[in-house]
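Visitor: In terms of UniProt numbering, the sequence shown is residues 1 to 971.
In short, the hints are calculated from the structure, not lab data.
These numbers come from a predicted model, not from an experiment.
Beta carbons are placed, not taken as given, at the ideal position from N, Cα and C, and that holds for glycine.
Any given hint could be a false lead.
For lysine-lysine, the following DSS-like pairs were computed, each having C-alpha atoms within a straight-line distance of at most 30 angstroms [as the list claims (entries may be wrong)]: (1) LYS740 / LYS541; (2) LYS38 / LYS61; (3) LYS798 / LYS809; (4) LYS774 / LYS266.
Between beta-carbon pairs, the in silico distance windows are [to be verified]: (5) LYS71 / ASP303: 50 to 56 angstroms; (6) HIS802 / SER675: 49 to 55 angstroms; (7) LYS71 / SER636: 53 to 59 angstroms; (8) ALA20 / ASP189: 23 to 29 angstroms; (9) GLY217 / GLU142: 21 to 27 angstroms; (10) GLU273 / ASP405: 28 to 34 angstroms; (11) LYS333 / LYS740: 33 to 39 angstroms; (12) VAL779 / SER684: 52 to 58 angstroms; (13) ILE864 / PRO940: 44 to 50 angstroms; (14) ASP36 / GLU956: 26 to 32 angstroms.
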Amino acid sequence: MAADNDPESEVFEITDFTTASEWERFVSRVEEVLNDWKLIGSNVGKPPEKGEYTTGTWEEKSREINFADFKFSITHHYLKQECSEGEGKEDGEEDAFPLAMQDLLCMNNDFPPRAHCLVRWYGVREFVVISPGANCEAIISESKCNLLLSSVSIALGNTGCQVPLFVQIQQKWRKMYTGECQGPGVRTDFEMVHLRKVPSQYNHLSGLLDIFKAKIGCPLTPLPPINIAIRFTYILQDWQQYSWPQQPPDFDALLAGEVGGVEFGKLPFGACEDPISELHLATTWPQLTEGIVVDNDVYSDLDPLQAPHWSVRVRKADNPQCLLGDFLTEFLKLCSRKESTDEILGKSSAEEESKENSDITQALSKLTEPTAVPIPKLSVSNMVHSARKHIRRHRRNDQSPLSNDVLNSILLYLFPDAALDKSDSNEGKASQSNPGGKSDQDKETEDYNLFSVLKSAPWDCLTYRLALCVCLVNFYHGGMRAVAHLWQEFVLEMRYRWENNYLIYGLPAGPPDLRCCLLHQKLQMLNCCIEHKKARDDVRKDAASENGLPVPQASSGKSWDSWSDSEDEFFECLSDAEDMKEVPADGVKGAGAKIKPEGRLQTHGKLTLLNSLEPLYIPVTQEPAPMTEDALEEQSEVLAKLGTSAEGAHLRARMQSACLLSDMESFKAANPGCSLEDFVRWYSPRDYVEEEVSDEAGGTVVQGSLSARMKIPGNMWVEAWESAKATPARRQKRLFDDTKEAERVLHYLAVQKPSDLTRHLLPCIVHAAILKVKEEEAVEDIASVRKIIPQVSSHASKLLRHPSPDLKKLEDTINQITMLEATIARARSLRAKFGLGKGERREETEDLELFVSSLLEEPEVAVIGAGRGPAGSIIHKLFVSAQRLADSSDEAALLAPLDEEAGRVGGPDDRKPAGGGVPDFPPPAGREILLRTCVPRPAPYSKALPQRLFCVLLREDFRLAGAFSSDTSFF
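Using the sequences and the hints given, assemble the complete structure.
Guide: Set out below in structure tokens:
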């Protein structure tokens, strides 16, 4: 009881009514965002120019705000305009209408083709939208909608913001918005109605006018005139009257007849289907007034051909099938395969192959019987048939992935020198040094040098052609098995040419070009080996002829090796004339010389040896051994593993001095009695320092000595000079062992899987694809394609220079090339439909050319002259032809001539003309009607304010978007 009477035990519950509710916090957050974006107070600006909503730049910025735990996104959309200071304030009217209310009556941007839906419906240039967050449910409840709208109204009133503020309600796909705009003494309410079906009483202009008049409720009589803008859209889907100009190539039919090798060097291009799926014609009546035009449930004056404005847009087919894109995509898929050539072609005859390898030398010998023709005038496939039948593992013709006809055609394209006779040998040599027949001027062009950017191979060289053939074979002639078969034949051809001293056709002369892909470098290395081997054999033949010995015939497997068991280790060069002369070491003729100079090339200017008056001769030296980039990397790794110790550095220097030692020996052989100083004067002039000194007589003389680095103890040059013997280059051990290097290259080629081959050839096929796109673009002259091509090349270059490029990113590059191909195909399709020939440019069609090119670049293009202009006449005929084809039940309509005046339709529905003919146009797919006026609301003495109703009538969609303004000063 005591506890009950204790006053401290009593608890008082206090409610603080000054605490802000969640609703008040939400309103405060909206006001805060409007303040941050500086949307407070009146806004001024000049009226938008005609078409500015389409060509101008729209920008937006967003924030996230919460209503309790419900997330909203608030976004500010506005058209970026340049506005000078003080513009629009000259009148000094503080109570001027907000910009949004002025925009309601502006006619410069009706029906913009590319803009936010609220811009199209209400014509405003700036607005704010509050919409539910990404993962939040839609605002469907009527009470919640009213709560949001009241929040918007309070925020606008508290801040004085004159920018319209919308709230998105209902499901997002419905695009339902309600909102408000406030100004000094005025307010505009934005309301919307959305139905799935068009009510019959509102399916025409008369019914919509009734809705508009009833909504504004103007007390004036008569009602002020209502401005009307109408736009009907007609869709042309049936293009059958014009055949698609691109036909996919029929390679089966091509190979059935005579096949020229050049056919294999052409990448296909174009879309297999029409890349333009629809043409949308918009006919517009921009300024009409009530009473001028009649459109009700009985009759309509809205004839499309009489519309003063026509505009056209095209709808592109989604991902049209493109030939070049398909080729590249299928080629890229090979990179992900893991099978080897043996696994693909089968191993069933491995044991038989090992037995038959013992007879391979005899098989190859049969191929190289003495003949006066360097390469028989036969296809390469037939030329090495005897050898190949052993390595083919007894595959029957019906089991071979590639038929003999296809294989022979491909090999003849890759090796056209196989068909040259003796009289054409000079021509073959010319093409060998300049593959593709490019002139020096052409080689300076950007397209020719594209191979160095992409690290591929020069245009039309053997590697480039091989890439095209592999791509073609993969797509049309058996996929990966056919690729493995072709590669096996190619490797056999490389070995045949090495063993028989036939240079590889289509490769630039010289050492491997490190700017090219690795496979191209390997083939160049093999060609270098063949050149060295051929030169060595020629020397031996010349030596045998001079000595009166019989000249043996070359045999496959051994190249004149019977002359010496050990000569393969030595370098052979053409003997110079000086080798046959005996010159005394002291330079005095007649004196008995003990040392005979050898391997002289020419004198080195006026220089003489320091120890005698003998001229200093430049020796014949061995060229440094050519190397491919993978060999250079291996060498760098080996040298790097030696470390930084003194012993490692010394060993590294010795490994790198093989060429220096060879040159020293050649110099000693050419200049008997020479010194290290003489060699340095020729080989490294900067390391021989000359200076003037005074002599005993008081004059000056020039004295020279080795540089400081040459005098360092243990200098590698000094050690090499002391160990070098006087040996001419022709008798030195070879720096470049062509036999070893050739076998290494052939082994490298033989172990490549089809996926490895594809990775090697990827740069070449991308190179070929870019050149193909450039070639086709030059015909159609498309500015957008011409602008994107360098970007694609640059992106591909960054990927392809990596040893293991990212295939996913390469797929994106191929998609870009396919996109360019589709763009060119669209241009070709439109040109065909508008009667413009391929690559044809005439003065009388200049306007039509501009119209067609604009259709690809712009969202919507105005038709000059509407239905009576050149483009409009063609579009009209397209619709008429489509209508007649669609009305197949009326044979008379199909056979009737095209008459521009016959069969016109009077209204937007599908009623036929009085004569019972076929209407020129189908029923409009969409109708847009814009009603505007300026009337006082809500009382007769109120200000005259803008009123607007935008109506959209589709087959299964009916939308009314209204903006109704009221005077709030006395209401």
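Visitor: Next step is simple, just say for each hint if it's right about the structure.
Guide: The hints, checked one at a time:
no.	hint	in the structure
1	LYS740 / LYS541	22 angstroms, holds
2	LYS38 / LYS61	13 angstroms, holds
3	LYS798 / LYS809	10 angstroms, holds
4	LYS774 / LYS266	14 angstroms, holds
5	LYS71 / ASP303: 50 to 56 angstroms	51 angstroms, holds
6	HIS802 / SER675: 49 to 55 angstroms	50 angstroms, holds
7	LYS71 / SER636: 53 to 59 angstroms	58 angstroms, holds
8	ALA20 / ASP189: 23 to 29 angstroms	28 angstroms, holds
9	GLY217 / GLU142: 21 to 27 angstroms	23 angstroms, holds
10	GLU273 / ASP405: 28 to 34 angstroms	31 angstroms, holds
11	LYS333 / LYS740: 33 to 39 angstroms	37 angstroms, holds
12	VAL779 / SER684: 52 to 58 angstroms	56 angstroms, holds
13	ILE864 / PRO940: 44 to 50 angstroms	47 angstroms, holds
14	ASP36 / GLU956: 26 to 32 angstroms	42 angstroms, violated
Consistency with the previously given hints fails for number 14 only.
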